[in-house]
Amino acid sequence: MILESEYLNHIKRTFPALDIQDVHINRDGMVNVSVIVNRARVFRFPRAEWGVELLRNEMNALDLVRKYVDMPIPNWDYRSDEMISYPFIAGDPLLTDDILRMSEREKDAVADKLAIFLKQMHTIPMPEVRAANIQRSDTVRTVEDWLQLYEEVQEHLFPLMWEDGREWVRRHFAPLLADHSLMDHEPIFMNGDLATYHLLFDRQTNQFNGVIDFGTAGIGDPAVDFCTIINQYGESFLRRMSRTYPEIGQHIDRARFWNGTLELQWLLRGLQRDDKTMLVVHIGRMRDVLPVGSGW
Numbered sequence: 001m002i003l004e005s006e007y008l009n010h011i012k013r014t015f016p017a018l019d020i021q022d023v024h025i026n027r028d029g030m031v032n033v034s035v036i037v038n039r040a041r042v043f044r045f046p047r048a049e050w051g052v053e054l055l056r057n058e059m060n061a062l063d064l065v066r067k068y069v070d071m072p073i074p075n076w077d078y079r080s081d082e083m084i085s086y087p088f089i090a091g092d093p094l095l096t097d098d099i100l101r102m103s104e105r106e107k108d109a110v111a112d113k114l115a116i117f118l119k120q121m122h123t124i125p126m127p128e129v130r131a132a133n134i135q136r137s138d139t140v141r142t143v144e145d146w147l148q149l150y151e152e153v154q155e156h157l158f159p160l161m162w163e164d165g166r167e168w169v170r171r172h173f174a175p176l177l178a179d180h181s182l183m184d185h186e187p188i189f190m191n192g193d194l195a196t197y198h199l200l201f202d203r204q205t206n207q208f209n210g211v212i213d214f215g216t217a218g219i220g221d222p223a224v225d226f227c228t229i230i231n232q233y234g235e236s237f238l239r240r241m242s243r244t245y246p247e248i249g250q251h252i253d254r255a256r257f258w259n260g261t262l263e264l265q266w267l268l269r270g271l272q273r274d275d276k277t278m279l280v281v282h283i284g285r286m287r288d289v290l291p292v293g294s295g296w
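Here the sequence shown is numbered in the numbering used here, starting from 1 and rising by one per residue.
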C-alpha cells in the first residue's frame with residue numbers, strides 16, 4: 001500500500017506553492033485513492049496501472065458531460081497518468097435516511113433535480129459521445145454474462161443460502177431465462193455508479209452541490225442508472241423522478257433485474273477475492289422494488 005507521505009510528496013512536487021494545512025485520504029474507492037487537501041482541492045491517484053486507462057476515459061467523459069448538464073461536476077485543471085486534480089466539491093452523501101426524513105415537497109424537488117440530471121446526460125447525442133472517444137461502460141453485461149452469473153450464484157452462493165433465498169434467486173432470473181430479450185436496449189451515455197457517496201448534498205438547503213466520480217461512465221444501458229436509484233432510495237422515489245423523466249418506465253424491468261443482482265454480485269466478488277469489504281460495503285439500502293414484469 002502506498003504511504004500517505006508518498007502521495008503528499010507527489011503533490012508537493014507538482015504544486016510547490018500549495019500550502020498544505022489539512023489532509024484527508026479516502027481509500028474507499030476501488031480504482032482510485034483520493035487525497036483532499038485543505039478541503040479545497042482533490043488529488044486522485046490510480047491504485048494500479050489498469051486504473052490509468054479508466055481515469056483517461058473518465059476525464060473524456062467529464063469534458064463531454066459538462067457541456068450538457070446543469071449539475072456541478074468535477075472540473076479537472078491538472079491531468080497526468082499518475083495523478084489528476086480538481087477543486088473540491090463540498091457536501092454530504094445523499095443517504096436513504098435523508099430522503100425518508102424529507103417532506104413530500106422536498107422529496108419531489110430532489111427527485112426533479114436528479115431526473116433532470118439523468119435526462120440531460122442520457123440524451124447526449126451519440127455521435128458526440130463517440131467523437132469524444134468515450135469507451136464502453138464497465139457496467140456493460142451481455143446475456144451470456146448474466147447466465148454465467150446465475151451459474152456462479154448456484155455453485156458458490158446456493159450452498160450458503162436457505163431455501164427461501166435460493167427460491168427468490170430462481171424467480172428473479174426466471175424472466176431472463178424465459179426471454180433473453182428482457183435485456184435488449186439502445187446504448188446511450190450513462191454514469192453507471194450514482195452511489196449515495198457520489199451525490200453530494202447540502203442538508204441545510206436541500207440542494208445538490210454536485211455529482212462526483214464518473215469512473216464507470218460510458219456507453220451502456222440507462223437502466224443501470226435507474227437501478228442505482230432503486231437500490232438506494234426505492235422504486236417509489238424513482239417513480240417521482242418519472243414525472244420529469246417519463247421515459248424511465250420503458251427501462252423499469254431491466255432496472256429491477258439489475259437491482260436484484262447487485263447483492264449477489266458483491267457477495268460473489270467478496271468470496272472469490274477473499275475481500276470481506278465487499279460483503280458489507282452496500283448495507284443499508286432500500287427494499288422498495290417490485291418483481292420484474294410487474295408493470296409501471
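Calculated from the structure, these hints are not laboratory results. Keep in mind it's a predicted model, so treat the numbers as computed, not measured. Misleading hints may appear alongside valid ones.
As the list claims (entries may be wrong) - Under the rule of at most 16 Å between Cα atoms (straight-line distance), these lysine to aspartate or glutamate pairs were calculated in the EDC-like manner:
no., residue 1, residue 2
1, 276, 22
2, 12, 97
3, 119, 82
4, 119, 247
5, 113, 70
6, 113, 179
7, 12, 28
8, 107, 202
9, 113, 128
10, 119, 186
11, 67, 128
12, 276, 263
These are the hints, each one checked on the structure:
A C-alpha spacing of about 30 Å is found between residue 276 and residue 22, which places the hinted pair above 16 Å, so the restraint is violated. At roughly 39 Å between alpha-carbon atoms, residue 12 and residue 97 are farther apart than 16 Å, so this suggested pair is violated. This hinted pair does not check out: residue 119 and residue 82 have alpha carbons roughly 33 Å apart, beyond 16 Å. Under the criterion of a C-alpha separation no larger than 16 Å, the hint pairing residue 119 with residue 247 is consistent with the structure, at around 9 Å.
Note on residue 113 and residue 70: the hinted pairing holds, with a Cα-Cα distance of about 9 Å set against a maximum of 16 Å. With a C-alpha separation of about 35 Å, the suggested pairing of residue 113 with residue 179 is violated against the 16 Å cut-off. Restraint check for residue 12 and residue 28: the C-alpha separation of about 23 Å exceeds 16 Å, so the hint is violated. With a C-alpha separation of about 14 Å, the suggested pair residue 107 and residue 202 falls inside the 16 Å cut-off, and the hint holds.
Annotation: proposed proximity of residue 113 to residue 128 is violated, straight-line Cα distance about 24 Å (limit 16 Å). Annotation: proposed proximity of residue 119 to residue 186 holds, straight-line Cα distance about 15 Å (limit 16 Å). Simply put, residue 67 and residue 128 have alpha-carbon atoms about 11 Å apart, close enough for the 16 Å limit, and the pair holds. With a CA separation close to 13 Å, the supplied pair residue 276 and residue 263 stays within the 16 Å bound.
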